[in-house]
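Start from chain P and add chain U according to the hints.
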Amino acid sequence: MADSTQTQFVSQLKRYYSLYTGGVIGFIVLLSILEQMGVPNKVLGYIFLGVTVSLYAGIGILSRTSDVAEYYVAGRRIPALFNGMATAADWMSAASFIGLAGTLYVSGYDGLAFVMGWTGGFCLVALFLAPYLRKFGQFTIPDFLGARYGGDVPRVIGVFAAILCSFTYVIAQIYGLGLIVSRFTGLDFGIGVFVGLGSILLCSFLGGMRAVTWTQVSQYVILIVAYMIPVIWLSVKHTGNPVPQIAYGYVLQQVTAREQVLNDPTTPEGEREAEVRALFSQQQAQHEQKLRALQAGGKEYLAQERAQLQATVTALKTMPTVAPERLADAEAALATFPGEVASARTVWQAAADAERVRAAPISPHAEPFAAPDEAGREIKRKNFLALVLCLMVGTAALPHILMRFYTTTSVKEARLSVFWSLLFISLLYITAPALAVLAKYDVYTLLVGSSFSELPSWVSAWAAVDKTLMSVTDMNRDGIVQLAEITLGGDLVVLATPEIAGLPYVITALVAAGGLAAALSTADGLMLTIANALSHDVYYKMINPAAPTARRLAISKGLLLLVAICGAYVTSLKPGDILFLVGAAFSLAASAFFPALVLGIFWKRANRTGAVIGMVGGLAVCMVYMYRTYPFFGVNGSLWWDINPISAGIFGMPVGFAGIILGSLLTRAPALQIQTMVDQVRYPRLATDNEVEKV
Amino acid sequence: MQLSEKHKSYWRSNLRLTGVLLAVWFAATFGVGWFARELQTLTFLGFPLPFFMAAQGTLLIYVVLIGIYAWRMNKLDREFGVQEKR
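Protein sequence lines, in the order shown, are assigned to chains P and U. Note that the first sequence covers residues 1 to 695 in the working numbering. Note that the second sequence covers residues 696 to 781 in the working numbering.
The shape of chain P in the complex, shown without the other chains (with noise of 0.2 Å):
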């Protein structure tokens, strides 16, 4: 393309989202006015999803295209600057966007881990990946790996790879949006899931990647809005400086210093505290009492224990005064009591855990590896290294992301487009722990010390929705609410930003959407690699390679709508828990793929042999590890040098990159024509490209 279109190109394109950046704003201040003038809040609520969800919709039906080549890489003329929204809105996910300023909450230092590994990996990008895998200019990351490598077997192990992460990646996007979708429109989590999906398939279903590059750039501006706003507006009222990220400083020493105070038994409110885990204490105690009775007694002990609160309850039934609260706790335990053996020491087990969390004095926020002795510290480093390297391994493999670097206009594109992507993403992460630490500060001096009779608003009204989210129970009958007495979940941190710092409803709803427009937007780029890696790595290239564009692209429109389908009857199961899931995504693709593209690229000398071994056995391993150590499996191996299921990357990428290494040794180097192709992929100008196809 000449460089007059493209420059008018880039310079129309900024208007447009200029323009399309002031009609948001423009949007939220119209309906803080609507707010005003009384209408009710879930009437607003369903405006601001709506509207946002037709607005992909109609950018995903006016994006339609019926060109392969726009179809699978957007006509490879995305501006670096756009490429980089479109790769930071494809990245950021529900999990980012509501997860990690809770899990930063919840863990202090240890969870910088996440913020650490999900932006350094794009230094691997950078340097290893983006500008060769551009001068490849194919469609799909097993299009590399079967060029490269030569024959069918590497590229079927890449769409097996391809499909086994992006699968799990998406499954943790369409539960986020189902919880989303339900939580602020009262529907059901199961329609909640099908209206999510149902936006996805709006967004990519007549497009393909050119119509998901441009919702994905509009997702972002809503979605980096829908995070700055309430986060800058607690950090003036806090600090009265409206740059959190500079003004969080200040906080956190704040919240150390009551951190000593709360921890420290002789001053009047740490005496409080201790008194509350003394009780938990107690609890605990009284449950891992119940556990080795059970193991004694078995099937007796539980009936014994069973008619003893039958006994308790006929007892309070026949008796004339009693307050009625006594027989209802007495009813519902009954109620509640486990009726196996296997239940019951799963559920004793989980209340026992639970008690001990909370009897445990509160681990400062700042510090690095906090743990009772040294032995603990240390398996706290290791798993925190390892977790930082598995993610940005994973971030520098997973096949959504790396596609999205075919699609710039060239070599030299693509490198700049990785520093917009990482600059933009940059932009939420240095921003989610000031928000975790303006959220603890709020807690730890407003909430804690408060009475009962007149908690704040924010805290009764998330207390209503969801007891998991949100609770606080008077444990030692004081009035005033103790630390160790809130339960507060790490989502909670982003959903009641807004309620924290006392803005109005249309903030939350923005922040629904902003939600909303990140769930979305990684679903997309995550199905649309699904279903091209069936679509033209199996069926096209592999199994009717004379197929006319018209049929490749409905098939690979069918095959979308199949995968969506799937997606969401997985998703409507309830499987594990999402953290889980997200990082289980980043292990495998940092033990399948990263040692077979960077040593494709790096070292001639491997082939085909030394590529199959290398993945399959990097990809075992790290699935072995999975299966044998993460609880959900039932198998409960035992832990590698203390390494938990989340980092079985850890050993997946040694295991890929001396497979590869020494199956190319062993065996002949690959042919001479597969050397002029690494060459070729290796400058991003050679005599020699005009002999390859360009599509």
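If you are wondering where the hints come from, they were derived from the structure by calculation, not from laboratory data. Some hints could be false.
[As the list claims (entries may be wrong)] Label pairs and their calculated CB-CB ranges: (1) Arg773/U x Leu19/P: 31 to 37 Å; (2) Tyr16/P x Lys780/U: 45 to 51 Å; (3) Glu374/P x Leu698/U: 50 to 56 Å; (4) Leu34/P x Leu717/U: 49 to 55 Å; (5) Ala669/P x Ala718/U: 25 to 31 Å; (6) Leu34/P x Thr738/U: 45 to 51 Å; (7) Leu755/U x Glu374/P: 40 to 46 Å; (8) Lys14/P x Arg732/U: 45 to 51 Å.
These numbers come from a predicted model, not from an experiment. From the three backbone atoms N, C-alpha and C, an ideal C-beta is built for every residue, glycine too.
Below, chain U alone, put in the same frame as chain P:
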């Protein structure tokens, strides 16, 4: 095709740049992470240094690293005459 000396020297410069940037990336991430507890007493802008690095410092370093790479490589392409024709 046989690569010329000039091509080989372009690739060597690329590898050197990649290596240097990767070393900085590694030191900023894992060096600071490994010694986080030892560095705890140092403060920066009111933050304990390891916290600041993990929450903001390394992120800024990453952005700068990628910026340097893009700028240097795009310049190197022109110097060695391997830049894309537009």
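Taking the hints in turn, this is what the structure says about them:
no.	hint	result
1	Arg773/U x Leu19/P: 31 to 37 Å	36 Å, holds
2	Tyr16/P x Lys780/U: 45 to 51 Å	29 Å, violated
3	Glu374/P x Leu698/U: 50 to 56 Å	54 Å, holds
4	Leu34/P x Leu717/U: 49 to 55 Å	53 Å, holds
5	Ala669/P x Ala718/U: 25 to 31 Å	30 Å, holds
6	Leu34/P x Thr738/U: 45 to 51 Å	47 Å, holds
7	Leu755/U x Glu374/P: 40 to 46 Å	32 Å, violated
8	Lys14/P x Arg732/U: 45 to 51 Å	47 Å, holds
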